[in-house]
Amino acid sequence: MPEASAVYRLGLDVGGTNLRLGVFSDLVLVEETRFQANYSAICKQYPPAQAWQTILQVTADAIRPLLNKYPAIQSIGIGFPGFIDPQTGTLAQSPNLPGLRDVNLGRDLTELLGIKVRVENDANAAAYGEYCQLGQPEGGLLYIGLGTGVGAGLVVNGKVWAGHHGYALEAGHIIVVPEGRLCGCGNQGCVEKYASATGISQAYADLTGQTLTAHAIAVAADQGDIHAQAVYADAGSKLAQMLASVLKVVDVENVLIGGGVVAAWPLISATFEQRLTHDLIPVLRGKIKVHTTRSGDVAGMLGAALLATTPLAV
1 MPEASAVYRL GLDVGGTNLR LGVFSDLVLV EETRFQANYS AICKQYPPAQ
51 AWQTILQVTA DAIRPLLNKY PAIQSIGIGF PGFIDPQTGT LAQSPNLPGL
101 RDVNLGRDLT ELLGIKVRVE NDANAAAYGE YCQLGQPEGG LLYIGLGTGV
151 GAGLVVNGKV WAGHHGYALE AGHIIVVPEG RLCGCGNQGC VEKYASATGI
201 SQAYADLTGQ TLTAHAIAVA ADQGDIHAQA VYADAGSKLA QMLASVLKVV
251 DVENVLIGGG VVAAWPLISA TFEQRLTHDL IPVLRGKIKV HTTRSGDVAG
301 MLGAALLATT PLAV
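Numbering (my numbering), first residue to last: 1 to 314.
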């Protein structure tokens, strides 16, 4: 049962096919629930206005039971994929949610639920959650999330750096293959189309004609499928190519890589390390600490919950 005197925060992490909701007391996860919600399918099924209203209702339906159970919840934060203005909370575009433009999830949910809801970019939320879980390490922290897409967030001096328009660290849309695969952002050859779960699935389909999930491809790679192994090896190389470019600009000490694709890291690590060493400027080699996350994917929910009451740096 919830403690009568406790203060709780609610954080949501919006994934490709589900919502993860976490109730927190300080940094401690009190309860986690999952709610089936495929926002991408909703956006493809309905016209934009109808899709948006459906997304609002689905999200509100996921939140309400926890508000009833934990009436002491004082704030709600949501990590949402897309380009979000840090001042207004407006979602300008979400490359993996076609049709959504200039909508405001925080404002609309606040009206529906009667409690303040704040929405941040999902990778920014995960970056801040990792930073807090690690005890706020010095030297800055760069988070790379490998999920349906590729996201990134940067924390420096205790603040998430979102940029003036809120679109900073959209590292998933750094072009690694000129004139390559068409990305949902409108460009071609973005790293997201090679190192994300959907990118890995597409690459395997291009090689074999078979459409499998990234997880199934990882299983096939472990069983000796050379095409599956090649796809993951290429994902590692493309990821490192992107990361080396980012590190030349932000120069942080700590890099954390998370998201569902990290479960297959042994298939990625060799080409990743080789390419990262090759592409980094020599003075940075050996000075960057790159780790895969050990947070169990709690960081996205935690960061969203904390950022609901913590201003971003812009």
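Heads up, a few of these hints could be off.
[To be verified] Subject to a maximum C-alpha distance of 25 Å in a straight line, what follows is the list of computed DMTMM-like cross-link-like pairs (lysine to aspartate or glutamate):
1. Lys287 - Asp108
2. Lys44 - Glu32
3. Lys116 - Asp85
4. Lys248 - Asp225
5. Lys289 - Glu138
6. Lys116 - Glu138
7. Lys248 - Asp206
8. Lys116 - Asp61
9. Lys159 - Glu273
10. Lys44 - Asp108
11. Lys159 - Asp251
12. Lys159 - Glu253
No lab work stands behind these hints: they were computed from the structure.
Since this is a predicted model, take the numbers as computed values, not measurements.
Please verify whether Lys44 and Glu32 have alpha carbons no more than 25 Å apart.
Answer violated: Lys44 to Glu32 is near 28 Å, above 25 Å.
Quick one, are Lys248 and Asp206 close enough, alpha carbons at most 25 Å?
Roughly 32 Å between the alpha carbons, so the hint for Lys248 and Asp206 is violated.
With a cut-off of 25 Å on the C-alpha distance, tell me whether Lys248 and Asp225 pass.
Status violated; Cα separation ~35 Å.
Tell me if the straight-line CA distance from Lys159 to Asp251 falls inside 25 Å.
holds, 16 Å
For Lys116 and Glu138, compute the direct alpha-carbon distance and say whether it is at most 25 Å.
The hint is violated at about 32 Å.
Lys287 paired with Asp108 [C-alpha distance capped at 25 Å]
violated, 45 Å
Given the hint that Lys159 pairs with Glu273, does the C-alpha gap stay at or below 25 Å?
violated, 28 Å
Need the status of pair Lys116, Asp85: alpha-carbon distance at most 25 Å?
holds, 17 Å
Taking 25 Å as the top limit, are the C-alpha atoms of Lys44 and Asp108 close enough?
holds, 21 Å
Would the pair Lys159 and Glu253 pass a check requiring their Cα atoms to be no farther apart than 25 Å?
holds, 16 Å
Between Lys116 and Asp61, does the CA-CA distance stay at or below 25 Å?
holds, 16 Å
Check whether the Cα positions of Lys289 and Glu138 lie no farther apart than 25 Å.
At roughly 12 Å apart (the allowed maximum being 25 Å), Glu138 and Lys289 satisfy the hint.
The structure fails to meet hints 1, 2, 4, 6, 7, 9 from the earlier list, while all remaining hints are met.
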